[in-house]
Amino acid sequence: MSEIIKPKRTIIPFGPQHPVLPEPIHIDLVMEDETVVDAIPSVGFIHRGLEKLVEKKDYNEMVYVAERICGICSFMHGMGYCEAVEHIMDVEIPDRAKYLRTIWCEFSRLHSHLLWLGLLADGFGFEALFNECWRIREKVLDMVELTTGGRLISSVNKVGGLIKDVTPEMLKAMKETVIQVEKELKPVANTFLNDYSVKSRLCGSGILTKEEAIALGACGPMMRASGIEVDLRKTGYAAYDNIDFDIITSNDCDGYARCAVRIGELFQSVEIVRQAIDKIPDSEEVSVKLKGNPKGEFLMRLEQPRGEAFYYVEANGTKFIDRFRVRTPTFANLAPLIHTLKGAPFADVPLLVLTIDPCISCTER
Amino acid sequence: MENYGRNIVEIPLEKLVIVASEERDKGHRLAQACASYVNDKYELLYSFVDGYEMVTYKLIIDTDTEVPSISRICFPAFTYENEMKELFGVKIKGIVTDYNDKFYRIQTKTPFLKKGDK
Amino acid sequence: MKSFHKSPWLIHYDASSCNGCDIEVLACTMPRYDVERFGIINTGNPMHADIFCVTGGVNTQNAPIVKQIYDQIPEPKVVLAVGTCACTGGIFKECYNILGGVDQVIPVDVYVPGCAARPESIIDGVVKALALYQEKHDKMVQEGRGLPEDPSLDEDNDVDENASNDDNSSDENASDEENAS
Chain H
1 MSEIIKPKRT
11 IIPFGPQHPV
21 LPEPIHIDLV
31 MEDETVVDAI
41 PSVGFIHRGL
51 EKLVEKKDYN
61 EMVYVAERIC
71 GICSFMHGMG
81 YCEAVEHIMD
91 VEIPDRAKYL
101 RTIWCEFSRL
111 HSHLLWLGLL
121 ADGFGFEALF
131 NECWRIREKV
141 LDMVELTTGG
151 RLISSVNKVG
161 GLIKDVTPEM
171 LKAMKETVIQ
181 VEKELKPVAN
191 TFLNDYSVKS
201 RLCGSGILTK
211 EEAIALGACG
221 PMMRASGIEV
231 DLRKTGYAAY
241 DNIDFDIITS
251 NDCDGYARCA
261 VRIGELFQSV
271 EIVRQAIDKI
281 PDSEEVSVKL
291 KGNPKGEFLM
301 RLEQPRGEAF
311 YYVEANGTKF
321 IDRFRVRTPT
331 FANLAPLIHT
341 LKGAPFADVP
351 LLVLTIDPCI
361 SCTER
Chain D
1 MENYGRNIVE
11 IPLEKLVIVA
21 SEERDKGHRL
31 AQACASYVND
41 KYELLYSFVD
51 GYEMVTYKLI
61 IDTDTEVPSI
71 SRICFPAFTY
81 ENEMKELFGV
91 KIKGIVTDYN
101 DKFYRIQTKT
111 PFLKKGDK
Chain X
1 MKSFHKSPWL
11 IHYDASSCNG
21 CDIEVLACTM
31 PRYDVERFGI
41 INTGNPMHAD
51 IFCVTGGVNT
61 QNAPIVKQIY
71 DQIPEPKVVL
81 AVGTCACTGG
91 IFKECYNILG
101 GVDQVIPVDV
111 YVPGCAARPE
121 SIIDGVVKAL
131 ALYQEKHDKM
141 VQEGRGLPED
151 PSLDEDNDVD
161 ENASNDDNSS
171 DENASDEENA
181 S
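The listed protein sequences correspond, in order, to chains H, D and X. Each residue of the first sequence is one higher than the one before, counting from 1 in this note's numbering. Each residue of the second sequence is one higher than the one before, counting from 1 in this note's numbering. Each residue of the third sequence is one higher than the one before, counting from 1 in this note's numbering.
Some hints could be false.
[As the list claims (entries may be wrong)] DSSO-like cross-link-like pairs, simulated, lysine-lysine; straight-line CA separation at most 30 Å:
{"no.": "1", "chain 1": "X", "residue 1": "Lys6", "chain 2": "D", "residue 2": "Lys102"}
{"no.": "2", "chain 1": "H", "residue 1": "Lys342", "chain 2": "D", "residue 2": "Lys26"}
{"no.": "3", "chain 1": "D", "residue 1": "Lys91", "chain 2": "H", "residue 2": "Lys234"}
{"no.": "4", "chain 1": "D", "residue 1": "Lys41", "chain 2": "H", "residue 2": "Lys319"}
{"no.": "5", "chain 1": "X", "residue 1": "Lys93", "chain 2": "H", "residue 2": "Lys164"}
{"no.": "6", "chain 1": "H", "residue 1": "Lys158", "chain 2": "X", "residue 2": "Lys93"}
{"no.": "7", "chain 1": "D", "residue 1": "Lys26", "chain 2": "H", "residue 2": "Lys210"}
Just so you know, the hints here were simulated from the structure itself, not pulled from any lab data. Keep in mind the model is a prediction, meaning the values are calculated, not measured.
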């Protein structure tokens, strides 16, 4: 009688095609009854091998490949690659281009976070909130389209600056839009942060403490939600060194904290766009002429909506660079995800996968 | 702060495990690791981050050299090491969760090892 | 059924897309573009679906999954390839892990180009797919595979018992032939 019956272990495959995820990821969940004891992710459904394209496309064409790593943070991927090559070639781009890059970065952060909030709301079955988030997101996308010409993949970056400039009317429209977005965001943020049903799903789920976050190499909002105050925008790439903002953190370490951090960053982005539009200098040029080919290596870091991204470029003085490597935030957040899944009930798995803001096409490239 | 991208230190193979455990003990996190195949040699990069500061250690090794895994020291290294192993064919031994070249499950074997073909 | 095309369900699978087309497909179901006004519901279950919307080119790992989802969708079905990558492989065509467009694995009915495909063009493709869907359904009925027309439900037609009997007999013949072969 005293013998304890050990629960049987079952393996439940999760994905690759799952209603909650727009993208395929496969996780083998080792279950004991209703509890996850281990999780083994397997990736590769979207692996294209685009880093290998450096042999076929020259360093100017690679910008367009870099932008298509991911459609959500496409602007920043293009920009990260350009900045890395600009560092190697020792090129200083015009100030106006730096400010414009900052503005578009924040616009893509706004649309990415709104997209994530919508998917999260959909994940716990709050359809109305989902639609509301995506309705606001459309306003942001309209402005991106007006100024760059593309809704998602903008292709305005090039090595040495930007392809096109914006008119003063466009800047005015952008500023009006962010003010409008801020106004419409307030009730949405209030629902996410104070609604009973949202709290009941998010509070206390997927705990990742500060020590664990460092040991497991978490990054971005996932890390800031565990109380670590690191935001790479403070390193001052583009025009961020001229902009005044505080890092948003939370000490709750759970799913709710991650949601709260991202909502805080939405309002922060609005503020940064306003500051940047006020400070943007007038100048004729938004790009500089390049001389020769890049030679050398550089590791560029920047803060994407999902966390820190690395762009490593190794160039050999010819038109074709030797190696282009991208380390995207979701790749770093895989290990923390496995950790948070352990011990979680099965019903929470989709939600926990969502709280790291997975971007699989970034991860697998 | 600006120059973190060029802060690349070359270390010999024997020092990799020592350096990794030193960095871990200092509370720095492993931010990224990657391989590249240049001039018939592997270049392995391991970047450790402390806040905004970053240091990258670079190993230059022959294609048949065995590399010890650091995933027992820094757990997140297992994804990067599996990637190196599958895409470049770097011989890494002792990865905590070794996918045995089934991480991306690609059909082309070690595609980055060859230059110029599809 | 004449109104067969009025409530098709849509399933979306991301083959190896960069996410751009995926979120545009999702944006289509938002109130602003509202593809649901055509009676379309975005479903996660292939067995409930009628329209298969694929984004991105296929690679060796997801080709069997694309094929499996296609096989699970009941007849009649329409396949929509959304985005340049799904049509031809696009910018990634030269990558080592890309086989090409979706038509390498399954037959594609409607191609929607664009990088990323705009919601308007996706809706345009969906409307084209709806017409094809009805056509495929009608063809199935003619071949005697679908649900046969019930003349008593159709107010315009006079009920003709002989005709319906003929239909039934041809149905039986068809199934006999299938069995024989």
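Status of each hint after checking the structure:
1. X:Lys6 - D:Lys102: violated (44 Å)
2. H:Lys342 - D:Lys26: holds (27 Å)
3. D:Lys91 - H:Lys234: Outside the cut-off at roughly 38 Å; violated.
4. D:Lys41 - H:Lys319: holds (21 Å)
5. X:Lys93 - H:Lys164: OK: X:Lys93 and H:Lys164 at ~28 Å, within 30 Å.
6. H:Lys158 - X:Lys93: Distance of about 22 Å is within 30 Å: holds.
7. D:Lys26 - H:Lys210: Status holds; Cα separation ~15 Å.
Hint check: violations occur at hints 1, 3; the rest are consistent with the structure.
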